[in-house]
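Enquirer: Now for the letters of each chain:
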Amino acid sequence: MSSILTLTFKDLTLLFRDKAGLFWILAFPLLYTGFFGMVLGGAGGGGGSSGLSIALVDEDRSSGSAALIAELLANDSLKIARQEEDQDSPVLTDMETARMLVGKGKRVAFVQIPPGFGDHPFAIFSGETTARLRVGVDPTRSAEAGFLRGILTQCAFKATFSRFGDRELLALEIKAGREALSAQTDLIGPQKLLLNGLLSALGTFVEGANFDALGLGGEGAGMGDLNMMEMVQVQPDARAKPASAFEVSLPQGLVWGLMGVALGFAVSIVRERTQGTLLRLRTSPLSLFQLFAGKALACLAGCMLTMTFLIGVGVLALNVRIGSPGLLLLGMLATSFCFTGIMMVSSIMGRTEQAVAGASWGAMMPFAMLGGGMIPLVAMPPWLVSASDYSPFKWAILALEGAIWRDFALADMLQPCLILVATGFAFYALGLLGYRRVAA
Amino acid sequence: MRGEPTLTIQGLHKTFGNLVAVHDLSLEIGAGEALGLLGPNGAGKSTVIAMLTGALTPDKGKINLQGLGSPVDPKVRALIGVVPQNLALYDELTPEENLRFFGRLYGIGGKELRARVDWCLDLAGLSSRKKERVGTHSGGMKRRLNLACGLMHDPKILICDEPTVGVDPQSRNHIFDSIERLCDGGTTLLYTTHYMEEAQRLCDRVAIMDQGHLLAIDTVDALVEEHGGDSLVHAKLKAGLPTDHQLHSAMQGLTLAHRTTAPIEAVASLLQVQDSVVELRIDRPDLEQVFLSLTGRSLRD
Ligand SMILES: Nc1ncnc2c1ncn2[C@@H]1O[C@H](COP(=O)(O)OP(=O)(O)OP(=O)(O)O)[C@@H](O)[C@H]1O
Ligand SMILES: [Mg+2]
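So the sequences go chain by chain: L and F. Using my numbering, you'd call the opening residue of the first sequence number 1 and step up by one each time. Using my numbering, you'd call the opening residue of the second sequence number 1 and step up by one each time.
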């Protein structure tokens, strides 16, 4: 056993010292994951290139909230999907559903318009707590939270001033405000004085003001985020949907990395033969069985290390959440097993390093594409998904996705894992048989 | 042969398709003996070695090492150190790592491993470059390391397949001295080459192979005696020889190239006219000539 470990350690050292190989094993999968994750555009369920999808909850149902909703609906950067069962009303849902939609990753965020929002049109700028919009963003999409706040601020400004663009209305509102203020009993004297003074000043200002010169009728730019909204926590729910496109592109990136590992080792078997180290190995007291066990173990360990690294980057940098670490380990092992078999078969696809590398890429690419290495399984039409059953890459991706976001139970994991292990064994045996022919 | 045979080969035969690479080869190597295997490209030398080391299965024939059996047995293989013709090294590892790896394969570990690695680095003259990747080393350094890797487990029998191919005279001498020291220490040696001067200097006996056949095997002297033919007496004179001189007819202008079984006599007769001798040389027949007379071809063509 110790000589097998010696072989394994040597092979891993060689693998990670080969810079060109490292590109395919680590850099390419990361680029792939990052690039396709970005192209697929963030949200798994709700996301598209057509805008941030949000759920809207109107608990105010005033003219004020209606104005805001009208602005939000008119905004190109937002996508406000209706409830299926609520076809004629663009306004949308209750709080419970909204939280669920965001928790499952079907919407990037919800926006809650609280009761009383429309009563105090300026409350949104004063930061009065009851009247603030409540916004809950999917924690995996926190990058878009700032963007969303900007849009909401802009819409709120427009809504406010479209409603009170009419000076008389505004003056009336201020008068009503003063009356309400004097009726307030729970405000102490100085507070009342302060607010009264503010409202008077505002009334004077409104009467003589030129709104256009202030630019408020425009984009609301330059006003900044006036603390008009409150961000609330959303707990991610149990989900059978990827929370972000990175959770789809990461398993794809992983199988590309594994292809790199398998190919690296396949080529290393040929290299041992062509450069003569195989002769030395065969002259040593090791048996042929031990030699191949060493290669297999090295390939297995190489696959595991590579995946660990890539998944680590996914979790730390791309916010990928691992549904079940235990099952992920199982999926990784089964996948590594399969790619060890693929390595063995690849190694007999030619007599020179170039021939093996060329033939293996050529043979693996169609299977990789079919198996979801390029078009993700979730985006495939059903007929393609069933065709992909014949690609081990599909089962590898499924096993990894199952543990990352598909919420697989152990029983669900068994099918892909067993297929992977069986394929691995079959390929390994095939490779060993073929080896006798090629190496003769 | 010096002692009991360490290596016995009987009727060894190997074909690749229609090509007979090794034809019915039988020979013995005694304990502590150095046997040279001399032959041109494609003679079958490396094929013999591959079978001796267990890397290739013979079609027919028996190999026995130290009475323990064939190299199919890992215990028997552990007796052999091999220096392959192609550099068998990992370029991405350092010399130290290469040596350590090959040492571990033979179950060497701990202090012993460190001591062996240092010994081998010293032998290869690579102690100062032990931490640089082999890929950055010169051809000569790689050759020296290739030899050292075969010595990590202190083998009883050393099999070298053209260990000095493509190196400068300095590295070549280094390798040569190392092997000579090992032979003096009692290591049994099988050494293939197509440089006859290497075989002549290093080997107790030489086997000559061509196209898979063993043509002759004996000490260098005996081979030369039997197959070498005449010596060549070569001279340059200031003036022609007298017409009655016994070598007069062999003169071509003022130079003499005379083939004879009795070179000393010829020289003695030349010294009678020593005033006119400018240059005088006797070329003894060597393995090159042995090979020529055995095969009708030159060793390196
Ligand atoms: N694996 C192989 N498959 C087919 N033919 C082979 C194989 N190995 C060797 N041969 C052939 O067997 C013959 C003997 O080759 P071998 O390598 O033993 O010669 P050699 O004496 O070592 O030559 P050199 O001095 O060039 O190293 C050659 O004709 C060679 O082409
Ligand atoms: Mg050879």
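Since the hints were made in silico from the structure, they are not lab data. Just so we're clear, the structure is a prediction, and the values are computed from it rather than from any experiment. Among the hints, erroneous ones may be present.
Said to hold, decoys possible - Computed list of lysine-lysine pairs in BS3-like fashion (alpha-carbon distance at most 27 Å, straight line):
id: 1; chain 1: L; residue 1: K19; chain 2: F; residue 2: K130
id: 2; chain 1: F; residue 1: K131; chain 2: F; residue 2: K60
id: 3; chain 1: F; residue 1: K60; chain 2: F; residue 2: K75
id: 4; chain 1: F; residue 1: K75; chain 2: L; residue 2: K19
id: 5; chain 1: F; residue 1: K130; chain 2: F; residue 2: K111
id: 6; chain 1: L; residue 1: K79; chain 2: L; residue 2: K106
As the list claims (entries may be wrong) - Simulated restraints on C-beta separations:
id: 7; chain 1: L; residue 1: A363; chain 2: F; residue 2: G166; range: 31 to 39 Å
id: 8; chain 1: L; residue 1: V315; chain 2: F; residue 2: W119; range: 45 to 53 Å
id: 9; chain 1: F; residue 1: T15; chain 2: L; residue 2: T13; range: 36 to 44 Å
Said to hold, decoys possible - Away from chain L, derived, C-beta distances all over 10 Å, residues of chain F:
id: 10; residue: D24
id: 11; residue: P74
id: 12; residue: R129
id: 13; residue: L254
Built from N, CA and C at the ideal position, the CB exists for glycine as well.
Enquirer: Look at each hint and say if it fits the structure.
Expert: A quick look at each hint next to the structure:
1. At most 27 Å may separate the alpha-carbon atoms for a hinted pair to count; K19/L and K130/F meet this at roughly 21 Å.
2. A C-alpha spacing of about 45 Å is found between K131/F and K60/F, which places the hinted pair above 27 Å, so the restraint is violated.
3. This hinted pair checks out: K60/F and K75/F have alpha carbons roughly 22 Å apart, not beyond 27 Å.
4. Of the supplied pair hints, the one linking K75/F and K19/L is violated, its CA atoms being roughly 38 Å apart against a limit of 27 Å.
5. The hinted pair formed by K130/F and K111/F meets the criterion: a straight-line CA distance of about 18 Å does not exceed 27 Å.
6. Proximity of K79/L to K106/L is assessed by CA-CA distance (about 12 Å); at most 27 Å being required, the pair is judged to hold.
7. Take A363/L and G166/F: their Cβ atoms lie about 37 Å apart, and the range 31 to 39 Å holds.
8. For the pair V315/L and W119/F, the supplied restraint of 45 to 53 Å holds, since their beta-carbon distance comes to about 48 Å.
9. Between T15/F and T13/L, the C-beta spacing of about 39 Å keeps the proposed range 36 to 44 Å intact.
10. The beta carbon of D24/F is kept farther than 10 Å from every beta carbon of chain L, the shortest such distance being approximately 21 Å.
11. Residue placement check: P74/F does not keep its beta carbon more than 10 Å from all beta carbons of chain L (closest about 4 Å).
12. Distance check for R129/F against chain L: the nearest CB is about 17 Å away, which clears 10 Å, and the non-interface claim stands.
13. Listed as outside the interface, L254/F is consistent with that label: its C-beta sits roughly 53 Å from the nearest C-beta of chain L, beyond the 10 Å cut-off.
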